[in-house]
Amino acid sequence: MTGILQTQSGNGEHPTAAVLVIGGGISGMQSALDLANAGMKVYLVESSPAIGGKMAQLDKTFPTNDCSMCIVSPKLVEVGRHRNIKLFTHSEVKSLTGDAGRFTATLVRHARYVDVGACTGCGLCEIVCPVTQISHFPAPPAEGEKKTRARAKEKRIIRGPGLPQPTRSQKWNFSVDNSLCGMCGGCFKACLHGAVSWEKKQVAVIDQEKCTGCGACFVACPEKFSAIAIGQAADLEKSVGAAVHARSQLLKKEFKGTGQRDCIRCGLCVITCDKVMNISALKMVEEGIEAGVDICQVCGACVSVCPVNFLAIDQVTNKVPRPLLNSFNEGLNGRKPVNIFYPQAVPRVPVIDEESCVRLNSGACGTCASICGVGAIHYDHREEETEIAIGSVIFSPGIEVFDARIRGEFGYGLYKNVVTSIEFERLLSASGPTSGTVARPGDAKHPKKIAWIQCVGSRDHSCDRDYCSSVCCMYATKEAFIAREHDSSIEPTIFYIDMRSFGKNFDDYVTRAKDHKVRFVRAMVSRIFEDPISGDLELRYVDGSGARKTEMFDMVVLSVGIQVPKASKELAGKLDIDLDRYGFVVTDCYRPLATSRPGIFVSGAVKGPKDIPETVCEASAAAEAASASLAEARGSLITAEVLPPERVIDPEEGLRIGVFICHCGTNIASVVDVEAVTEYAKTLPGVVYAEHPLYTCSQDSQERMREIIKDNRLNRVVTSACSPTTHEPLFMSTLQQAGLNKYFFDMANIRDQCSWVHPDDPVLATEKAKRLTRMAVANATAGQPLAEQEFTVDARLLVVGGGVAGMTAALEAARQGFGVFLVEREGQLGGQLLQLQRSSDGRKFADFLGGLKEKVLNNELIKVFTSSEVVEQSGFVGSFETEIVTPSGGTRTLKHGAILVATGAEEHRPEIHGLGTLNTVMTQTDFEAALENATSKDWQHLRVVMLQCAGSRDVDHLPYCSRVCCNHAVKNARRLKSMHPEARIDVLYRDMRCYGLAELDYSRARREGINFVRYDPEENPLQITAEEAGIEITVVDPSVRLPVRFHPDLLVLSTGMKPRDAEELASMLRVPRNSNGFFIEAHAKLRPVDLPSEGLFMAGTAHGPKSSTESITQAQAAVARAATLLSRDSMKMSAIVSVVDPTHCAVCLTCVRACPYGVPFINDQHSAEINPALCQGCGICVAECPAKTIHLGRYGDKNIRAKIEAYSAS
Amino acid sequence: MITGTPKPIEEIMEMVEPYDNIILAGCHGCVTVCRVGGEKEVQVLASTLRLAREAGGRTIKIREVSLERQCDPEYVEQMRPYVGDYQAVLSIACGAGIQFLAEKFTTTPLLPGINTGFLGVTERQGEWSERCQGCGDCVLHLTGGICPVTRCAKSLFHGPCGGSVQGICEVDKSVKCGWQLIIDRLKALNQMENYTKFKPFKGWSTARDGGPRRIIREDMI
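The listed protein sequences correspond, in order, to chains A and B. Following my numbering, the numbering of the first sequence begins with 1 at its first residue and continues without gaps. Following my numbering, the numbering of the second sequence begins with 1211 at its first residue and continues without gaps.
No wet-lab data here; the hints were simulated from the structure. No incorrect hints appear here.
With the C-beta cut set under 10 Å, the calculated list includes, among others, these residues of chain A facing chain B: (1) Leu1149; (2) Ala1183; (3) Asp1197.
Since the model is a prediction, treat every value here as computed from it, not as a measurement. C-beta: ideal position from N, C-alpha, C; glycine also.
Please model the complete structure; the sequences and the hints are all you need to start from.
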């Protein structure tokens, strides 16, 4: 066998090593990253303006309560920066031709009107854009006709409580240009202050003493003369719109909090309407503002420039205003036509909305282009088509939520305080419309009692949503939980049918929610009535005792289900892939990622409802499936970065620090005096160069920075700009390109920490910016060059466990071209699946396993070791050594680059209800096997009781939910019923957790006459006597509220799944397992198949209970993750690793105990030692070491002290 | 290992109140391992004292030192060149170390920064418990490796007293009865005959009862 990647053979008939990923949600992003990191070129197409998908809209995530945006934004940045991922946002797939391995796709990039390459994402265009509504644009002139302005026929005077109080603040100077004056007297008539003197055939003169600067004269002067000149108006050189915005902002600041309600006759509304929007519907009159309500185009500009909120949109027009709503915030607040999708969007580049932008519709305005400092706005953009060559396609367009209006009884759309769950996510989100305050949309009051109604658009045949949406039980619990975290006076109630908390640690989460006073009521709400005065909502339902109840709530959240959007169904049609009746992509349970068309793979909720970790797992798996057949061409279409040699800095060489203070357009410069900060920076010790670029991060500034570093022989660089999280890697790479060690860099965030938080205090904000810059300079001064060691990667994978997950992983890794060692403890391959009979669609597992085994055993890249066990393990990612004991008793050392743990699980067999002693009591697995041989006529009238959660969700046995048992019971019950329709089956359950599309089988089972009776171990316990003489079970059937008694012939127990013993392996690999013995993933949401240590992955039931299809998916996902390492020739270790100075090591073991990754150990030199290849650079040991003898790269005491001292120095 | 706990900062503040110029001395031995007197604690305590004093309007100069061990004269002597320049030495080593400094630097007041605990073991990070009282006459071979002197609240030698209830000592619910532990262990080791073996009364002269102790190893001198 060979561990080396197969290189391309020379016949030229290679598939295209590129993949088209459709959809930029978490699924598409994960696929793209896994592919691009494994040597595949990726084209990522997203229809919305930015990637991120639904996950970016969520506030927190269950079951860890991690902030969704915080965990997803590093992924956004990584995708955005990846050199081998080409992003097509605001784009769509038009067509796909060709076959697997050699497709051609045509992509349509919709006109964005903003140049993605030039835009720096400063957001200024959005700030200055005055438009807030979808306008009723005047009809364009007929061909050949001259465009004329309409004249108002219907006029309305808008008055305040008192007369206008003209202000001279921030006034513009108006004067008459004698050479242009047409002597018409228009200005004279317009002036309300008697400031214009004019006589017939005379040039008008403006008396500056009397003029208040309202601009009435400017508006009145006919366009053919344009004789009124404006002086002292900031930004007028850009455009009138920009100047209006500038004055408006200053006046807003001035009048803030003054309670001014009268018109201040600043004239900005009139100037905007006339000069910017080219409408002229407004006029200043003695009593206020006169509006030509019939010609108003309802763009909202006058209202948004008004500094004192004197105008309201419905006053200035006779049409119905159509507010432009923010779709990212689910329409809960407004937006501008030019809009950055959300604050952390990637690309952080706005799109101009064709429907509402005034410029694109009437040709007026154009303010945003005039203000853009980098000239990124182009109104002449047109749709573009691009053809790309790809080998595979991943279809992951995601889902949308159910339209709750269809369930009219809940009043969504009519009652303002009834919201959907996704709207509630935005209300909880700190970046949402209420900045994270839980407020009712109706009146912005803080609600106290909030109800969640489950299964709105899920498990509902009446609206053709028969399936379960899988995520709603958990997200509702999370929302209730988090709502109480925001405001502990909130009393949440969740109305539900079954609590489907079937995932890993989900039941614990629900228990925690209950402890946090979240009330759960098992009832379906039948109707909601709104109190029209208070806006409160009356809910009606029938409780468990059958009593009809009414209860008042302040707010109701509908837990809307998820569905496939129409556009995705249409796209699936174009791609020619099969969908089921609900629009979910059809796949085979043994090939869960492949669609009906070869070469097209699917991932995410478009294949059936699922949560984030399952989606991430599928995304990795789809990446693996999509790239396996392209593996031979791996690396042929990607580009690698070439860096110049690094300049060695002589320790004798003096400090030569360069400082760059960023304007960030006006983002920083409008508050912070960047020139003053730059001058200050020049005075700091060691600084030899300082400048203040408009946008430090723009392409040209970066090139310039590179030149400056070289020309000035800089040996330290500091930028004072925005967030290091997003921009530090960019600046560091510029240092590298200039031949400087990247750790000779530091960054101060004077945007978030100065201009953004102190906009009202420019002087102190500037002082703070100076101080932060001083700290960064001090830190850069203390900087040391750090080296990143490089080592070669062994391209072989060790798979521990030869069940379905392990075998699938081995086979897929071999398809990817990697050598595989497959180690199985038992004498034969197959694992737990050997005990099971049939898949969910009725095919025999034995056939599938047989085929799989044969392929594994015959693959020359796979070396199988059965009856063998891992006994010792050492090394680190890319270069592991593992010792195994083979059946002969001898040991063998395997060298490999990554490890995949697939040790699996087995059926739990508790000694309860006579299991193991009575032959009338068996487990679901036993029963399934018996069914295979059940031709006996005795079974024709068999009475079976299936007992769910027998030894599961039970602290005395398995405390967790085993996820598969409900589906297993439904499968077996239906099979018995199909064989013997006369048989009687009663399933005793706590919650039927038939999540996703499995709900369909559950409802079929009910229709086929299988009885389901709910019990509750506390409130409605079972009485079971199981003896030789017979079995008797008594329970109250909640549907009839009467006790019922069963005398079954067979009692079938759904006992759940427990992990196989892997304690020794876990301690050898130094990876953690949870209290139930399942391995703990590196991150519950975003790294579901990674183990916490680098280079270690897991798949299958070793991670937690799951079905065979889910295990196959995980196996492929784990291979994709491993491929990101194994496909590299070499790897670089991070330079930020902990180093122990043995001189002072007290061997106290503190670091050994404190390290979450189990890296430090005590070596034979009696000192702690940290392997740099294993160290994650978190710094915990550094902080804990009592001898202060552990050091971490650029985070030493020296650095911190330098910063603190620079901070406190004056 | 000798264990200890930091003294409350108020108490230390009161001790250093008369001084403006002191040495704060840590030790790289046991107190580093049990996290009360190492390099890190020296830095943290010094910063705390400076801040607290500054908050009160007075400054204090502190020289931060960490000796390899404060219980060996060679290391202690390293402080001699400068100790006279300071008004006092605040030591966060164990009681032995602090006394040794006091003995060596007779003209400088010595202040204890920690309360010395016991000879014990680390149960887990942040939890220590006592194992040995240094009685000078070890019987662990007879008691299943569990010390009756330390683990029995009364240091009994012939089995549990009447205060042992279900394996718990009457002194405190969190204390296991030492003799219950011994008997359980002896049973598990099949050494119950050790329990019934006649033991003469223990001579306590080798323990503290004999007054301050000394060890002289002729072979090493």
